[in-house]
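Engineer: Heads up: the protein sequence lines correspond to chains Y and P, in order. Okay, so the first sequence: first residue is 1 according to this note's numbering, each after it adds one. Okay, so the second sequence: first residue is 1 according to this note's numbering, each after it adds one.
The set of hints was computed from the structure by calculation and includes no laboratory data. Each statement offered as a hint is correct.
Simulated crosslink set (SDA-like; lysine to any residue; CA at most 20 angstroms straight-line):
| hint | chain 1 | residue 1 | chain 2 | residue 2 |
| --- | --- | --- | --- | --- |
| 1 | P | Lys69 | Y | Ser792 |
| 2 | P | Lys69 | Y | Ile787 |
| 3 | Y | Lys710 | Y | Gly588 |
| 4 | P | Lys69 | Y | Leu771 |
Under 7 angstroms between C-beta atoms, here's a sample of chain Y residues computed to sit facing chain P:
| hint | residue |
| --- | --- |
| 5 | Arg754 |
| 6 | Met770 |
| 7 | Ser773 |
| 8 | Val783 |
Remember, predicted model here, so these are calculated numbers, not experimental data. All C-beta atoms, glycine included, are put in the ideal place defined by N, C-alpha and C.
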Amino acid sequence: MSLLHFAVLLPFLYTVFVPLFFKKLPRVHTGWFVLIVPLLLFVYFAAQFPLRSGSAPLFQSLSWIPSLGIRFDLHLDGLSMLFALIITGIGFLVIVYSIYYMSKEREALHNFYIYLLVFMGAMLGIVLSDNLMVLYVFWEATSVSSFLLIAYWFQRKRSRYGAQKAMLITVTGGFAMLLGFLMLGSAAGTFSIREIVAMKEVIVNDSLFIPAMLLVLLGAFTKSAQFPFHIWLPDAMEAPTPISAYLHSATMVKAGVYLVARMTPVFGGHMSWFWIITIIGIVTLFWGAFMAIRQFDLKALLAYSTISQLGLIMSLLGIGSLALHTNYEAQAMLFSGAILAAVFHLFNHSIFKGSLFMVVGILDHETGTRDIRKLGGLLSLMPVSFSLTIIGGLSMAGLPPFSGFLSKEMFFTGVLTAYQHIDQWVILLPIVAWLASVFTFVYCLVFVFKTFTGTYRPERLDKKPHEAPAGMLVSPIVLATLVLVIFFFPNLISYTLLEPAMRSVLPSLLQPGEVFEVDIRAWHGFNTELLMTVGIVVMGSLLYKTYKKWSDIYYNLPRKFDFNHMYDKGLTGAERLSARVTNFYMNGFLHSYLSYIFTFVIIVVGGSFLLQRALAIDPSTNAVIEWHEYLLAVSIAVSSGFVLFVNSRLTSIIGVGAVGYLVSLLFVIFRAPDLALTQLVVETITTALFLLCFYFLPKLKTEVVRIRVKVSNLIISIGVGTVFTLIGISAQSTNPFKPISHFFLNSYELSGARNMVNSILVDFRAFDTMLESVVLFTAGIGVYTLINLRKSRREKR
Amino acid sequence: MKFSDLILQTAAKVLVFIIMTFSIYILFAGHHNPGGGFIGGLITASALMLLYVAFDVETIQEIIPVDFKVIGAIGVLMALLTGIGAIVADVPFLTQVYRYVDLPLLGETGLGSALVFDLGVYLAVIGTTMTIIRSISEDM
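Please work from the sequences and hints to get the whole structure.
Structural biologist: Written out as structure tokens, the structure is:
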């Protein structure tokens, strides 16, 4: 356990105390107690900075399941550092914001902060894990915590729908990713990312290379809401706004981006990796921006804008991966600029989108609505929020003097580089990117002007709007200030944050000791990129002004291609199908269930018994059977036959009990006192239980059963009896495996116990016993719950 | 269920103590002789059940005001914690240790973490069995 491990586990450990704060100190907002976790972690990660510049990454090892090659190894390099600082830094600001956003009187704050902390720890785990399996566990943990947070207001139907959708899509992708990881692991013989990167040459030639790549990308695309899996993100906006700002714009949705960046040293340089990521990214960029314009809900608008911006980062990672391609060695440094643009835009997006989400939260809080058809003219009422929106919105649109401008220009450089060096028709890439940016500009204008200018219509608002309290404004102000500072001094982060991140995405391009040259500046002279930006402003303003004329295309979109519609159809279809399958065999008759079980036993046990040719009857080794043993066997047979023909439940209980006691006598004869004792007591207790339960059953009456059913019952019961008799005899006659019983003979030396049976139970196989107690207890609680549910339902009636 | 069988009640009062004592003997004897937590737990449960049969549920509830669900949970946790204790001591999960200790009055006695584990099983069995029986009988 190192400090780094502790940093990942701290949020998880801290969840234990959150309910205590909430219950014992209800007068102080629970958020204040939680705030310390991201603060400590941020300071811890920031303190690792001196280590970063050019030196080796921090690596901490911890064995977890060594037999499966699963080690809880953590690895803090430039890329992890960038993410860790975003996760903890924005996490801190979001919690500050949530203290003013979430009411401490009305909300279940302990749940909220527990989910949030679980998410924070899991997200840190994703970006720090060196082991693919550990990464997967944390990956799913973020999906689960995101599910819980989206469904935080679970009384609302939309919340539950959104949570389920997000869960189904991201977990399906996550599962595909697990398969991809397993393929990678089998190709490389290790789950360690560093070792896999080192073995790149072996993996590229493996037949599993392409399937593994596709599956890993499926995981990344579902998580990062890439087209066509983007549909879950707008519905995830049902979460409280601090969560949308944190999970669904700044951190969790970037996990897919992280995974692609992390896997670039392995898959990068392969043409299909480049094409898939770039095309999916650019389509997502376009579609998200296009769909954002038609939204009326401000949060939905931001959700589509997040989708679009994630597509932008994704396509940059795709273009940048060409730096590793052998055909483009000469242009490697040019392509590596796209990776720089990707990490830079990732950073920018986290800060401006975070502040925009917080402003939407403020608007929602102060006016009671997020619908832009109701909002308008808030400029004079909420001047601070307006300034924040201008900064965030124009940064998103890619205008100076905001940091988004810098990375947007670098994005254009990236797509232009791809066009110049690959093929003629790749000119589509810059064109689509430009069009998408025009739409981006339009929705930014919609966001800023439809909310703050125009006519103020107080009659449409639920509350009388006024500026938010200072505490709520602090976090967006910090983020907006960063947006401005980064524009004027981009080199504050260029060698501290961006270059190390870039280096971990493209490690093989540099000689040891070398660093990438990072020079971000606002002015490059009059080049194509600047021209494109000017074009965006002109075209965008035009489209914004004429929006009413062309908005009809949204309503003429074919419904067939609506992925939401497809998702809903698929879900109801799957539900109907599984209901039909289940109802086919779950008919409510115990008799049917028993016959399924026993038929299954005959087929599986008996079948494998025959297939293994395990049948062996060799009476020569048997001991002489004494007369009293015959007597016992006959009595057992008679009393079980007796049960079949009685017509009272009480009598049949006595018959079954007699069988049990007689069997325990057999145990006594064969000198197994432990077994005999257990059997006796179990028999006593079950008889009493039967008696209790029979109180509820109707009187036994002779049922008219069809002859066919009777015959099949007879066949099944004879079959089960035969199978187990044969297995018993064969087990006695042969010894196909080496017996392990001699090990237990040393029980006194091994565990200090003379009773071998008991030392097996509590020592040698204590794991079994422990889990059996858990099962037993769970069953008991199950009975209790079922009966009490029935009781309470009856009382309600 | 309301019984007022005088013979059964009188016998039960005496028998319960004998059965209980025996069950505790069985629990501790398990290490070297037939017995153990599972059997011990079941015998205790059967003693309690005898009480339920001889008297009625409400009376016993007053005499033994314990929540058997909690007993079961404590038992499962005890079994689990002995396992985790092994991890803390940096040996594989559920490794049991065994020592001879010279205790006052009892003299040299063998003590093992397996006993704690077995005690957990004992409580889990009692808790579960009694929870089931009680829920069913209260439902009548």
